[in-house]
Structure formats: structure tokens, C-alpha cells
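Asker: Just so you know, the sequences run in chain order A and B.
For the first sequence, my numbering assigns the number 1 to the initial residue and increments by one for each residue that follows.
For the second sequence, my numbering assigns the number 1 to the initial residue and increments by one for each residue that follows.
Hints may contain errors.
30 Å max Cα-Cα, derived DSSO-like pairs, lysine-lysine [to be verified]: (1) B:Lys147 <-> B:Lys221; (2) A:Lys70 <-> B:Lys362; (3) B:Lys327 <-> A:Lys137; (4) B:Lys367 <-> A:Lys78; (5) B:Lys67 <-> A:Lys78; (6) B:Lys67 <-> A:Lys70; (7) A:Lys78 <-> B:Lys147; (8) B:Lys147 <-> B:Lys12; (9) B:Lys67 <-> B:Lys246; (10) B:Lys362 <-> A:Lys111.
Because the hints were derived from the structure by calculation, they are not lab data.
Bear in mind that the values here come from a model prediction, so they are computed numbers and not experimental data.
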Amino acid sequence: MSRGLRMISVSKFYNEGAERITALDRVSVSVEPGEFVAVVGPSGSGKSTFLSVAGALLKPSEGEVHVNGKLISSLPDKQLSEIRLREVGFILQASNLVPYLNVLDQLLLVKKMSGSVRAEDRAFAIKLLEELGLGGKLNSYPEQLSGGEKQRTAIARALVNDPSVILADEPTASLDTKRAHEVVSLISHEVKSRGKAAIMVTHDERLLSYCDKVYRMEDGKLSLAQE
Amino acid sequence: MFLAWKEMRHSKIRFLMIGIIYVLIAWLVFILSGLGNGLSTLAAATFKNMDADYVVFEKGSKASMGKSLLSWDLSEELANMPNVQAVSPMGISISSALRENGGSDEEKVDIAIIGIEPGSFLEPDVVEGEGLSAERLTYAIVNDTMKDHGYRVGDTFQLDGSTEKLTIAGFVTNETYNHIASVFVPIEEWRKIAFAAPGSDKGVNNPVNAIMLQGKDIDPKAINEQLPGTDTVTRSAAVMGISGYKEESGTILMMLGFLFVIAAFIIGVFFYVFTMQKSNQFGIMKAIGAKNGFLAKAVISQVFLLSLVSIIIGVLLTYGTAAVMPKGMPFNLEVNLVIAYSIILLVISLISSLVSVRTVLKIDPLKALGRVE
Chain A
1 MSRGLRMISV SKFYNEGAER ITALDRVSVS VEPGEFVAVV GPSGSGKSTF
51 LSVAGALLKP SEGEVHVNGK LISSLPDKQL SEIRLREVGF ILQASNLVPY
101 LNVLDQLLLV KKMSGSVRAE DRAFAIKLLE ELGLGGKLNS YPEQLSGGEK
151 QRTAIARALV NDPSVILADE PTASLDTKRA HEVVSLISHE VKSRGKAAIM
201 VTHDERLLSY CDKVYRMEDG KLSLAQE
Chain B
1 MFLAWKEMRH SKIRFLMIGI IYVLIAWLVF ILSGLGNGLS TLAAATFKNM
51 DADYVVFEKG SKASMGKSLL SWDLSEELAN MPNVQAVSPM GISISSALRE
101 NGGSDEEKVD IAIIGIEPGS FLEPDVVEGE GLSAERLTYA IVNDTMKDHG
151 YRVGDTFQLD GSTEKLTIAG FVTNETYNHI ASVFVPIEEW RKIAFAAPGS
201 DKGVNNPVNA IMLQGKDIDP KAINEQLPGT DTVTRSAAVM GISGYKEESG
251 TILMMLGFLF VIAAFIIGVF FYVFTMQKSN QFGIMKAIGA KNGFLAKAVI
301 SQVFLLSLVS IIIGVLLTYG TAAVMPKGMP FNLEVNLVIA YSIILLVISL
351 ISSLVSVRTV LKIDPLKALG RVE
């Protein structure tokens, strides 16, 4: 079984009044470790639902989701948060940091959630932040950071628990072109060097050159757009 | 604790303000309980200090000394009841003390004249001078607040509206009844004072107001059946029977009760609003893997820290206030009571924080996805 992310014929339905909405329509995709794929598509096409199902935030109505070889689509809610904590790293849109924690504590918080912070966890977090060019900002709070620095902190936070899957939700939403390129190339670099299976949902077509594959989402259907 | 503490350090002003409100409430709770306790001590100290377990009143007197009249002749029968270890008579009448050779502008001091058997278990220990003696009927032991009015051991005072004079044999401390100083006299002397008018004893032989019993396992029902016309109650019921006592302590208790409810709501509402404001953050933390328990602990430990610090400051302020209070103020803060009320405040705050915890549990981690701020 694959060590990355694998979705087999996954569908998700919502009931809206009497109507049944198909948010995901038999989506099958496989992302190997070290592979960085992009999912593009208009808003309302089901990108967010796709990411939520891949990230163990939402259970699919049909189909199977495997993360790091584990079938997660049938797990109860309690174990889903454990999967999110250990196996999935989320890079969310800008300013999704905890406002009252400094850069280092943002990472240590994730360690706290999974138990206690050991000395080596602390050292690893500091090393990670230094690699991402935040060595001088360890004690800064989110309000003191630029948009790019915030996103780099978010990347570090996604990586700190050494997950097998990285999911990025519009990571460049509030960045200018230069910073957007910086952030996505950084994600790409980290994904390759650490061997993570990564999916980025974006509507920013300029950034697709960093990705190995590009999928297009339309009306809940996922199709390969470019290899 | 990690999240709770980091956040409090980061948003100091916010937490300082709610902390100040909490401190003021705690302060008020402790001051009120101190005053309440002081007042009820003044009202019933003599009763509370007495080493008696049960009190026999006249039937229909509703455990009130003033309404009860019994004959001491009952004592033999009472002493023979099962589990009764000792019996002793008691009588109370309110009067005022007048300096012997004082003029009309001389200050009168309100006193409660309490008749007891000299040497019985009802007689309090003197802190100065000598105790009561059956040979010296007009010698009394009086509460030391009389000293503030200039009375010393050996002084003689007259009772207002009576020809009787009493001499101070010794002083006792913390003995008050209905907020006024207790003056203990031998029971025979008390009868002379209380039933000076002919017929006021209603023909009762050896009249007393009540008979105090010692004995932990006394069965009051058995006594009531054995001796018709009597009503035996516990000492605490007798304290409640003191005129005005129930009403007074009821008022204070009601105020305290309201304060507890107010404290619960202030803390509860503050953290609820606060939690609502932070629901996005909680959503993000849930998305990156925080379990409900982790977040609930953060909220509860924050309430705990805030409450604990505020209560401690409130206690310190209360003792500070007590130190500068005027002497006449009936303020009596017991450590037990302070601890009990502190725990009640703390528990109430924690319970009220559960509303916020419930909100946190319901936050959907999906909130974190697909939104731009």
C-alpha cells in the first residue's frame, strides 16, 4: 500500500433542502511521497470539500481514503483528530496562526497537542524555523510578521510533527507575486527533500510550474490537466 | 495550561479588567461574610459558646427565650431521662446598667442579664477577676465590652427601673446576646430582677426561661412525650429562636447568595463572549489536530487561574480592610469560612466556564478551510 495519499472513487453528497448536492463525484487520485500536485478549479467546484476529505476533516459519503497506508474514511471522529495531528500537515490561508503565540510556540503547540514538549522537539522546531529563514523571528508574534513570514511559519507548523501528507489551502491568497513564488517554491522544496505527499489547492495559475501534476476540479469531478 | 497562560500574558489588559471585577466580587463576598459572621456572633455568642447540646423550652414558645417560662422543678425528671448527663437552668432578661451614683446624663449601657447556676457548665471562664459564687448573689461576671464604658472589677452598677445593684466580680470575653453585653448572675438573683413585679412569674415555682441539657444522644421526642408542656430542641435551633437572629443572618445569606450568582454570570458570560470571538482560532487548532479535551482544558485552566489569583487578592484585601476597620464594627472573619467561600467561588466559576467549553466542543474544524481574513 502506498505511503502517501490515495483516494479511491470518493464521493461526497450534501442535502440542501430536498436537493442532493454532489460535492465530490467519484474522485480517484494517488499522491506519492515526494510528489507535489496542484488542484485548480473555479470556486464552488468542490476543491475545499476535496481538501477536507483528504485531510480527515470530513468523512466521505462513499469511497476510500488512505493516508500513509491507513484507511481513514471509516474512522470515528476522535481518531480523525489524531490522524490530522500525526499524519496531515495543513498550510492554511494567511493569518491562520494563533495570535497570542510567538513563532516558536506556534510549533510547540502542535507538540503539546500530541503530548509533551521534549528538548529534542524544541531543537527540531528551532532548526526547522531556521531552515525556513525565521531564525531571527522565534519570539515574534504573528502581528509583527509580514505575510510571507506568516506563511513560512505555517509551513513550519505543518511540518513539525513529520506528517506523511501536506495539504495547502490557497497558501498564497494574500501575498504579492514575489512572495507567492517564494512561499510555493519553499513548499515544493520541503516536500521534495522530506518526501511528503503534497496537495495544493489554488486558483493562482502562475504557480503551477512548481507542481509535478495539475488536476482540474469541475462540478465535483477531478481530471488530470497537465503532467 | 500552555495556551491559557500564554494567552493571559499576551492579552494582559483584557484579563486584568475581568480580574479586577472578580477581585471586587471576592472582596465583597468576604467582607459581607465577615460582617454577617460578626453580627451573628454578637447576636448569639453567649448561646453559641455554651457547652450545652439541647435546650428545653416551654411548649409553644418557638424556641425563644423571651416567650418561654418553665419551672426548675422539672430538673429532677429531666436528669433521669436517658442519655442526659447534666441539666442546668437559664434565664435571660434585657435591662440597662446605670452607674450607682450617676446623674441623669450618665450613660446607660444596655445589658442582657443571664441567670445561671454558679459553677455549672453554663458559666464561662473569666479572663479577669473571679467567677460567680452562690454565696455572693449580687456579684456578676460581665462581658469585657463593659470596660469600654469605664467599668472595672469591683465596680457596682444599678439596674435601670429596679432597685437591684450588681457588683462586677470578673470579666468574660466574647459573651453577647442580641448584640448587647451579657451579664451573668446567679439564677436566684436573676429571678429577683426578672420577676420583681408581683405575679409576673405567673405562679410558676422556681421559674427559669429554659433548661439546658448536656448529652449527645438525647432523644428530644422522648422528653417531649414524657414532660408535656415542654419542647426540647437542639442548641442550634435555640440560636435560630433568638429574636431577630434568623432574619438577620437570612439577609446576609441572601446577599452572599446573590453575589455568588452574579460572580457565576460575570465569569460565565465573559468567557462565553471571549470564546465566541475566538471560535476561528479554535477551529484552526482543531483542524491541525487539537482534540476537544486539549481545548477544553485550556479554557478551564484559564478560568481556574484567573479565579484563583483574583480570590487570593480578594482575601488579602479583606484582611487589609479588617485591619483598618473601626473597633466597634462587628467584623469576624473565620479562616474556615474564608476557605469555604473561596472554594465555592472557585467551583462556581469553573461550572460557569462549562458553557464556554460546550461552545468549544461544537466548533467545526472545517471553519478553518477556505476562508480569507
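Asker: Taking the hints in turn, state whether each one holds.
Answerer: To see whether the hints hold, each was checked on the structure:
| no. | hint | in the structure |
| --- | --- | --- |
| 1 | B:Lys147 <-> B:Lys221 | 43 Å, violated |
| 2 | A:Lys70 <-> B:Lys362 | 27 Å, holds |
| 3 | B:Lys327 <-> A:Lys137 | 59 Å, violated |
| 4 | B:Lys367 <-> A:Lys78 | 18 Å, holds |
| 5 | B:Lys67 <-> A:Lys78 | 69 Å, violated |
| 6 | B:Lys67 <-> A:Lys70 | 84 Å, violated |
| 7 | A:Lys78 <-> B:Lys147 | 73 Å, violated |
| 8 | B:Lys147 <-> B:Lys12 | 52 Å, violated |
| 9 | B:Lys67 <-> B:Lys246 | 16 Å, holds |
| 10 | B:Lys362 <-> A:Lys111 | 23 Å, holds |
In the structure shown, a violation is registered for the earlier hints numbered 1, 3, 5, 6, 7, 8, in ascending order.
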